[in-house]
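Heads up: the sequence lines are chains A and B, in that order.
Residue 147 in numbering that gives the first Met the number 0 sits at position 148 of the first sequence, with consecutive numbering throughout.
Residue 324 in numbering that gives the first Met the number 0 sits at position 325 of the second sequence, with consecutive numbering throughout.
Just so you know, the hints here were simulated from the structure itself, not pulled from any lab data.
Be careful, since some hints might not be right.
Some chain B residues close to chain A (C-beta under 10 Å, calculated; not the full set) [unchecked claim]:
(1) G210
(2) L212
(3) D213
(4) L214
(5) L217
(6) P219
(7) Y220
(8) R373
Predicted model, so just to flag it, every value in this text is computed and none were measured.
Just so you know, even glycine gets a beta-carbon here, dropped at the ideal spot from N, CA and C.
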Amino acid sequence: MSNSAVKLTDLTKDFGKLRAVDTLNLEITEGEIFALVGPNGAGKTTTIKMILGIIQPTSGEVQVLGWNIPKERQKIKRDVGYLAQQRALYESLTTRENIEFFAAIKGMNKSAIREKTDELIQVLDLADYEKVRATNLSGGTQQRVALACACVNSPRLLLLDEATVGLDPVLRKDVWDYLRRFNKEVKGAIIITTHFLDEADYADRVGFMRGASLIALDSPDVLKKHTSSITMEEVFLKLAKEET
Amino acid sequence: MRLTWLVSKRVFKFFLRDKRLIALMLIVPVVMALVIGYGFGGEIKHVSVAIVNLDEPTAIPISFSDKLIDYLDDKTDLVDVTLISSPTLEKWNITKQAVLDGDYYGAILFPEGFTDTLADRFLNGSMVETYVGMFIDNSNPQISASILKAVSDGFQSEFGANMGLTINTEFAFDEGLTQLQYMIPSIMPFAVFFMSFILSIISLINERKTGTLDLLLLSPYRKINIILGYMITLSVVGLIQATILLLLTIFAFNIPIIGGVGAYFAVYLMLWLSGLCGMGLGFLLSTVAKSELQAVQFIPMVIFTALLLSGILMPLETLPVWLRPISYIIPLTFGAEYTRTVMIEGTGFLWHWHLAPVIGFVLLMVLLSTLTLREKKTL
Numbered sequence: 000m001s002n003s004a005v006k007l008t009d010l011t012k013d014f015g016k017l018r019a020v021d022t023l024n025l026e027i028t029e030g031e032i033f034a035l036v037g038p039n040g041a042g043k044t045t046t047i048k049m050i051l052g053i054i055q056p057t058s059g060e061v062q063v064l065g066w067n068i069p070k071e072r073q074k075i076k077r078d079v080g081y082l083a084q085q086r087a088l089y090e091s092l093t094t095r096e097n098i099e100f101f102a103a104i105k106g107m108n109k110s111a112i113r114e115k116t117d118e119l120i121q122v123l124d125l126a127d128y129e130k131v132r133a134t135n136l137s138g139g140t141q142q143r144v145a146l147a148c149a150c151v152n153s154p155r156l157l158l159l160d161e162a163t164v165g166l167d168p169v170l171r172k173d174v175w176d177y178l179r180r181f182n183k184e185v186k187g188a189i190i191i192t193t194h195f196l197d198e199a200d201y202a203d204r205v206g207f208m209r210g211a212s213l214i215a216l217d218s219p220d221v222l223k224k225h226t227s228s229i230t231m232e233e234v235f236l237k238l239a240k241e242e243t
Numbered sequence: 000m001r002l003t004w005l006v007s008k009r010v011f012k013f014f015l016r017d018k019r020l021i022a023l024m025l026i027v028p029v030v031m032a033l034v035i036g037y038g039f040g041g042e043i044k045h046v047s048v049a050i051v052n053l054d055e056p057t058a059i060p061i062s063f064s065d066k067l068i069d070y071l072d073d074k075t076d077l078v079d080v081t082l083i084s085s086p087t088l089e090k091w092n093i094t095k096q097a098v099l100d101g102d103y104y105g106a107i108l109f110p111e112g113f114t115d116t117l118a119d120r121f122l123n124g125s126m127v128e129t130y131v132g133m134f135i136d137n138s139n140p141q142i143s144a145s146i147l148k149a150v151s152d153g154f155q156s157e158f159g160a161n162m163g164l165t166i167n168t169e170f171a172f173d174e175g176l177t178q179l180q181y182m183i184p185s186i187m188p189f190a191v192f193f194m195s196f197i198l199s200i201i202s203l204i205n206e207r208k209t210g211t212l213d214l215l216l217l218s219p220y221r222k223i224n225i226i227l228g229y230m231i232t233l234s235v236v237g238l239i240q241a242t243i244l245l246l247l248t249i250f251a252f253n254i255p256i257i258g259g260v261g262a263y264f265a266v267y268l269m270l271w272l273s274g275l276c277g278m279g280l281g282f283l284l285s286t287v288a289k290s291e292l293q294a295v296q297f298i299p300m301v302i303f304t305a306l307l308l309s310g311i312l313m314p315l316e317t318l319p320v321w322l323r324p325i326s327y328i329i330p331l332t333f334g335a336e337y338t339r340t341v342m343i344e345g346t347g348f349l350w351h352w353h354l355a356p357v358i359g360f361v362l363l364m365v366l367l368s369t370l371t372l373r374e375k376k377t378l
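Just chain A, with the same shape it has in the complex:
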């Protein structure tokens, strides 16, 4: 029996009159790669930010690695990695400097930082850009650097908000391959949001979000079987039709 990494109970968030997340119930266990899939505005980012304790829920409960969020937020900081939607990097720092900086603020020691940075630069194919400042990198490269920054401390819970946006299909596949490999090593939980429906295939389990609610939750194979679909896109279209 695996440990629960994230447990959301009746999680709801209103921004004024707008309901961004509606009574979300979800449990993600350590060791799995979970894809939160849905169109823009479905509530994926809000959910991620509530898991991190950045946004306070209007009602409902968040538990991360056994801690109550946002109350015991300080306890999880060492164990989470977060890739924000907007590719948060320091533009004036180089690829290596950025990765090392974000490793250091997680409290890693010097030799571990060096080793891990070298590894990430290799694996994510960043060697050519090691000494290039982030401001001079293309969007796709920035995205991979930001991913490296989020993974560098091998967090037990890795939250990736639109990690593959702006990447071509080959690079997207590479990122997923890396995540697989990462997951084998760390054995933590990875939650990745994406609006690319085909990517849902790569995950262990998929949650489909639409209009602030979770409309389906299962492994890609089961979802395909249930809806007698061939692709995840088909699954989503059928589910969305049922919904309305």
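Fit chain B to the given chain A structure using the hints.
Leaving out everything else, chain B in the frame of chain A:
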């Protein structure tokens, strides 16, 4: 033409949908106009002056010295008069010391037989002359000019033209300073404050915008470390600025720093603290501002308030009384006064109480910034 209209409409909506920005756009110009208007528009008034009157007329029933004192007291608001009771020559010396100590900006002496001597000249054509003694704090050229003007206006108004007396003016400090030489020592802390403020507010806004602040706040370390990190860097920047400013002061403006090593230490200390004040304020205001555009609105407000209400350009005496409490909230009021005292009066390093409000301001800003620093709550 169509595009122009579309763009204009979009920008208009952008402004109208940001309530805080609208408020800032309305308030900031008013604050600036008020500050600049009152700061620059005023004359130097209500300069405090002590009077030692040894004159006791016996020849005629009126007293010329009293007439002049009445003028200075009631008919001009350039000076505020304090009459020294039971005056003696010894009291005159004590009063001069009080000017040196900064209790008054000037002292006026009417010698014994002032009225009688003048009366003798008018009535009997005597050639004996008398004088009015003045002792003036010339560290601020505008203030000494105000005192001299008040006295000469007084003679003009009460007695008409030349009445055959000399005004013996003594200045408290060796040489009168030019306006520039007077201002530079107090502009230095302002300059460091200004730069640190701009740098911190812009950097913080940038961190917020790119999302790196969120990641910093996800670090297991305490928030205060983020502030301290900025403090260290901006301290170094501040000290470099201080050095450049000092070189400029000494070599370009010919203002020697008297008071030896202690004076340099004192000036560096105050410039460093002024930089931290600016940084802390920038940090705090960056948490209030939600966008770069909002933050930019704070810049002129802070800068003009700091420049005009802290006695840097114009002495505090020029401000309307109701504005003065604001001056005493601004750390630069004390910072400017401190560097001026150290550099012009040559005191060397001094543990002046002026250091306390400046250090207090830095601590307050750090505390408030720690409390308010958090991730943006919206998407």
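Do the hints match the structure? See the list:
For G210(B), the shortest C-beta to C-beta distance to chain A is roughly 3 Å, which falls under 10 Å, so the interface hint holds. At about 8 Å, the closest approach between the beta carbon of L212(B) and any beta carbon in chain A falls short of 10 Å, and the interface hint on this residue holds. Restraint check, D213(B) versus chain A: the minimum CB separation of about 6 Å is within 10 Å; hint holds. For L214(B), the suggested interface contact is upheld, since its CB lies about 5 Å from the closest CB of chain A, less than 10 Å.
A cut of 10 Å between beta carbons decides the hint on L217(B): the least distance to chain A is about 6 Å, and the hint holds. At about 4 Å, the closest approach between the beta carbon of P219(B) and any beta carbon in chain A falls short of 10 Å, and the interface hint on this residue holds. Nearest Cβ of chain A to the Cβ of Y220(B): about 7 Å, under the 10 Å cut. The hint holds. Because the smallest distance between the Cβ of R373(B) and any Cβ of chain A comes to about 9 Å, under 10 Å, the interface hint for this residue holds.
Checked against the numbered hints given earlier, this structure breaks none of them.
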